[in-house]
Amino acid sequence: MPIQYYIALSATLFCIGIVGVLTRRNAIIIFMCIELMLNAVNLLFVAFSKMQPITTAGAGVATNNTALAGIDGQVFVFFIMVVAAAEVSVGLAIIVMMYRNTHSVDVNFLNRLKN
Amino acid sequence: MSITEILFWFLSVLALVSAIMVLISKNPVHSVLWLIATFFAISGHYILLNAQFIAIVNLIVYAGAIMVLFLFVIMLMNLDAAIEPKRSLWMKFAGVISGGLLLAVLLSVVRTSVDLNNKTAKLNTGEIGLIKNLGNTLFTKYAVPFEISSVLFLSAMVGAVVIGKRN
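One line per chain: the protein sequences are A and B, in this order.
Residue numbers for the first sequence follow this note's numbering, beginning at 1 and rising by one.
Residue numbers for the second sequence follow this note's numbering, beginning at 1001 and rising by one.
One thing to keep in mind: the hints can contain errors.
What the hints assert, rightly or not - Computed Cβ-Cβ distance ranges for the label pairs, DEER-style: (1) A:Ala69 / B:Gly1100: 25 to 31 Å; (2) A:Asn111 / B:Ile1097: 37 to 43 Å; (3) B:Gly1064 / A:Leu68: 25 to 31 Å.
What the hints assert, rightly or not - Rough simulated footprint, nothing fancy, chain A against chain B, three-plus residues with beta-carbon under 8 Å: (4) 1024-1032; (5) 1050-1058.
Stated by the list, open to error - Listed next, the stretches of chain B that the computed footprint assigns to chain A, with coverage defined by at least 3 CB atoms under 8 Å from CB atoms of chain A: (6) 1005-1014; (7) 1062-1075; (8) 1099-1113; (9) 1131-1137; (10) 1143-1154.
No lab work stands behind these hints: they were computed from the structure.
Heads up, the beta-carbon is just placed ideally off N, CA and C, and yes, glycines get one too.
Next up, chain A with everything else stripped away, as it sits in the complex (with noise of 0.2 Å):
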């Protein structure tokens, strides 16, 4: 598939995701657009890493392309998995806190207690 189709899903997903942290009002449903929007991100990585010029027949260009080439954006992609699991349980973690302690998860309620 050319790359652009790539680029462009992806995009179309972290858009998605934007518009959820900015339009709903419950912060579990923005985190989990946050996941989304790092899942777009992951997307994007793997199809890069696999991106290679068309093959023309007959074509005497002399790529440095060895077997392996790549290979970074699927390692990054683990760290970014990585990264994002740990998130997640710190930032639940706060949340149950502030529930516990407010008993809501209104991001507009919880904007105030800074007053």
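Could you slot chain B onto chain A? The hints should help.
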């Protein structure tokens, strides 16, 4: 249209529809289930790109662990559909317009880029997604970030326990 193209379009439409349903659902449990469907579609894309290890890890870690954690927290708090008050319609409209504008900017950059002509993502082939090569690279070239990520997990675990403690 070959079978891989059909699969690509099917998985893309599934991912986009599930992501939009995550936003639209009133019930938080329904949102979690639609997000799990999105993760399945994205894992399907990974398998199409022959990134087998990432596909399985995506399913196990994201759909299996993180979403289950979300479900636990939602059920712990007994969230109903009736609790979340609605934002005003103008705010929702403004949010959708902002997201749409960002999408337009990103897509226009992609469309007019010269570097991306004639580049494809190779489907169904390739060796870099296999777990042997990935593990080899992870433990030789990226050994230090691997060990640091274990320290990260330890600190996240300690942090979560400390935050959740009742005094």
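Exercise. Looking back at the hints listed earlier, which ones does the structure fail to meet?
Worked result: 1, 2
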